[in-house]
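There are 2 protein chains.
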Amino acid sequence: MKSVIPVELPQQSYDIAIASGGLEQLGNWLIGHGSQPLKLGKKILLVSSPPIFKHYGTQAITSLEQAGFTVAQCILPAGERYKTPASLQKIYDVALENRLERSSTILALGGGVIGDMAGFAAATWLRGINFVQVPTTLLAMVDASIGGKTGVNHPHGKNLIGAFHQPKLVLIDPQTLKTLPAREFRAGMAEVIKYGIIWDAELFEKLEQSQRLDQLRYVSDDLLQEILTRSCQAKAHVVSKDEKESGLRAILNYGHTIGHAVESETKYKIVNHGEAVAIGMVAAGQIAVALDMWEQASSDRQLALLEKTGLPTKLPGGLDIEAIAASLLTDKKVKDGRVRFILPTQIGTVTITDEVPADVIRQVLHAMQQT
Amino acid sequence: MKSVIPVELPQQSYDIAIASGGLEQLGNWLIGHGSQPLKLGKKILLVSSPPIFKHYGTQAITSLEQAGFTVAQCILPAGERYKTPASLQKIYDVALENRLERSSTILALGGGVIGDMAGFAAATWLRGINFVQVPTTLLAMVDASIGGKTGVNHPHGKNLIGAFHQPKLVLIDPQTLKTLPAREFRAGMAEVIKYGIIWDAELFEKLEQSQRLDQLRYVSDDLLQEILTRSCQAKAHVVSKDEKESGLRAILNYGHTIGHAVESETKYKIVNHGEAVAIGMVAAGQIAVALDMWEQASSDRQLALLEKTGLPTKLPGGLDIEAIAASLLTDKKVKDGRVRFILPTQIGTVTITDEVPADVIRQVLHAMQQT
Ligand SMILES: NC(=O)c1ccc[n+]([C@@H]2O[C@H](COP(=O)([O-])OP(=O)(O)OC[C@H]3O[C@@H](n4cnc5c(N)ncnc54)[C@H](O)[C@@H]3O)[C@@H](O)[C@H]2O)c1
Ligand SMILES: NC(=O)c1ccc[n+]([C@@H]2O[C@H](COP(=O)([O-])OP(=O)(O)OC[C@H]3O[C@@H](n4cnc5c(N)ncnc54)[C@H](O)[C@@H]3O)[C@@H](O)[C@H]2O)c1
Ligand SMILES: [Zn+2]
Ligand SMILES: [Zn+2]
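Each protein sequence line maps, in turn, to chains A and W. The first sequence: position 45 = 45 (my numbering), numbered continuously. Position in the second sequence (first residue = 1) + 371 = my numbering.
Treat the hints as calculated values from the structure; they're not laboratory data. Take these hints with a grain of salt, some might be off.
What the hints assert, rightly or not - Ranges between beta-carbon positions, derived for each pair:
hint	chain 1	residue 1	chain 2	residue 2	range
1	W	Lys-577	A	Gln-89	44 to 50 Å
2	A	Glu-295	W	Asp-464	47 to 53 Å
3	W	Ser-581	A	Gly-247	51 to 57 Å
4	A	Gln-36	W	Lys-549	53 to 59 Å
5	W	Leu-409	A	Asp-242	22 to 28 Å
6	W	Lys-638	A	Gln-36	44 to 50 Å
7	W	Asp-464	A	Ala-326	21 to 27 Å
8	A	Gln-89	W	Gly-439	37 to 43 Å
9	W	Thr-742	A	Glu-97	38 to 44 Å
10	A	Ser-103	W	Gln-430	45 to 51 Å
11	A	Pro-50	W	Glu-468	33 to 39 Å
In this text, all values refer to a predicted model and were calculated from it rather than measured experimentally. Heads up, the beta-carbon is just placed ideally off N, CA and C, and yes, glycines get one too.
Construct the complete structure from the given sequences, taking the supplied hints into account.
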């Protein structure tokens, strides 16, 4: 199975290829498929981390070398807390050691953490060299690897240092998901369900038809291909209409307004990003219902789908509602003291508003407390 | 006296304003002049270094505050060896402390070192915020502040980490040159003379007509305004035709091929950049003469102008010609083992070639040794 989704941008277009077994063909993909040779230079710097490299490193490097590339590698410790300027410096050091040139390529083999860092290194080495994404988490496949956002964290704030830098190719091999921990799989599913609500009602319905979604093994190969294709199409469409985040792109933040507040109030320790987004989507759905913008029945369907996916739909225990309300106001998305919400009006359609009364937010959050 | 040079780029255009006494009006310039309000947010982070801030800091901040801006500052130690990721981190820290937002502005008050670092911080903070250049060296005025190249050094190589990021405004106040050390002034003059050779024969002739050019005080206000205006026009024209350095921009490297080799072979200690470029221009001129591309008389005029400006025209004593020849081959501009040269064909016109025989290079360099 194989789908290729073109991402059309004013300055540079590229493809997202979703190909089962594609990792074995990585070298050939980088030479280019069909009518579009990628014209990358000989040198590739592969950036990855131990848990991923252990499973897929050899396969990737073998395929690249067979296709005639010279491969250097930079293996960085796994985890968000290593998404720092210090890790970046390590990539630069390897780039220098191997004399990476303007025509050289940095290739990210990993989740969003590796992709964001490797992408930022590619954006800034010699003021920008080629970049290729080979995402290995569901979240990176359907979200982080598409759209050109790259960056690292400042010790006191996430993603504060970064750049827009588009890849030359995103190659998704669904088979790499087999080794992904189940909780990470579910986190990615939260973003998939998000695309169903904000963009693609058919995707939402296909997910509803599946018996179980809480682990990859219950998902058929066909459905997985469909999930990946439709999700990537949704994100690709949105980001190509709005490359630098001035308008439409905001809808991708559905579930993220309250999601971010929950993440930061629990110090990024209790729930992961996808879980927080799931909670945020439930909240946004209920706010939309309270404002008479969405039907309760639709909100219930969203809730049921999240539950079937094994995602949380209640606030973590012991969380202070007032703290969340306060934290909402320091969110990046706040404009003039008004919180901007993305709210569904139908399954498949959302609207943006900054007119949500604070007491509606509080009410919804109270109803979402653990009992 | 005042000139405004528009720099037209596909994505974003901006002005270079050359205005004597402009620093006192900095705040008003940032609000915008005439038909083009700049629409910058309230917060400005001023980046400078002690020798410059001592002279111009208060004036800049007073003017900005009077115009209604809130000003934070980050004062970094002066000098190329502080153009590092560590200095960058200090800018990020102040940006975080002062909660710089997407609408905020980083303003560089200084030479090329400050401009490059502050520009890179602006390129990467929140994936890109507003940037304003207030260059205070002649080199930064006519070269570094124009064109959008920003970056820092890797401990083992210059300008390896960077990004393209265009300023919203370049404000040049010629009066700030009064405190610039004479040797730095002459270094900037080397780039000015370069523009005369590669682009603007009239500029070259005006320089020839001046009695002395080795110190600012011998240069009339009118001539200084003309030097700045014509140089900025030349650079602006070239970079706006070729924003990302694919073709035309190469002509700006006139004198830089051998210049870089001289700088690196003398470990950046004997000659400064402008002096190296002066030596490189003499060499390129003589290579062009040897290849029958340029008249000896024109080469002599270039030599005389460089000498009148107090710039070196011979190789530093004790330099090994073979080492320079070898170093040329590791220069960034080398393609397939052939060194690319920018060679004059007339005063005001250059051509690009990679067909210079190695023995011609050696011969010319030998003739340029100190006697
Ligand atoms: N650039 C963007 O537009 C964008 C969008 C969303 C998120 N992000 C960023 O993405 C990051 C989160 O990405 P993530 O969720 O992929 O987390 P991650 O990159 O930390 O990966 C999660 C864990 O799974 C491991 N792993 C990855 N692939 C595996 C595989 N196939 N088999 C076994 N283990 C595997 C990783 O080593 C890691 O421990 C955050 O830093 C976030 O800011 C960026
Ligand atoms: N971005 C570009 O396109 C570009 C082009 C050329 C050079 N550069 C970079 O520019 C840097 C060199 O810039 P530079 O020559 O301006 O050197 P610089 O910034 O180091 O300034 C030279 C010295 O003069 C001092 N100084 C600056 N203005 C002064 C003033 N008005 N009065 C008194 N002292 C003053 C500085 O503190 C410093 O000590 C290099 O790092 C180079 O890589 C960048
Ligand atoms: Zn998300
Ligand atoms: Zn130069």
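Checklist entry - Which hints, by number, does the structure contradict? => result Structure breaks no hint.
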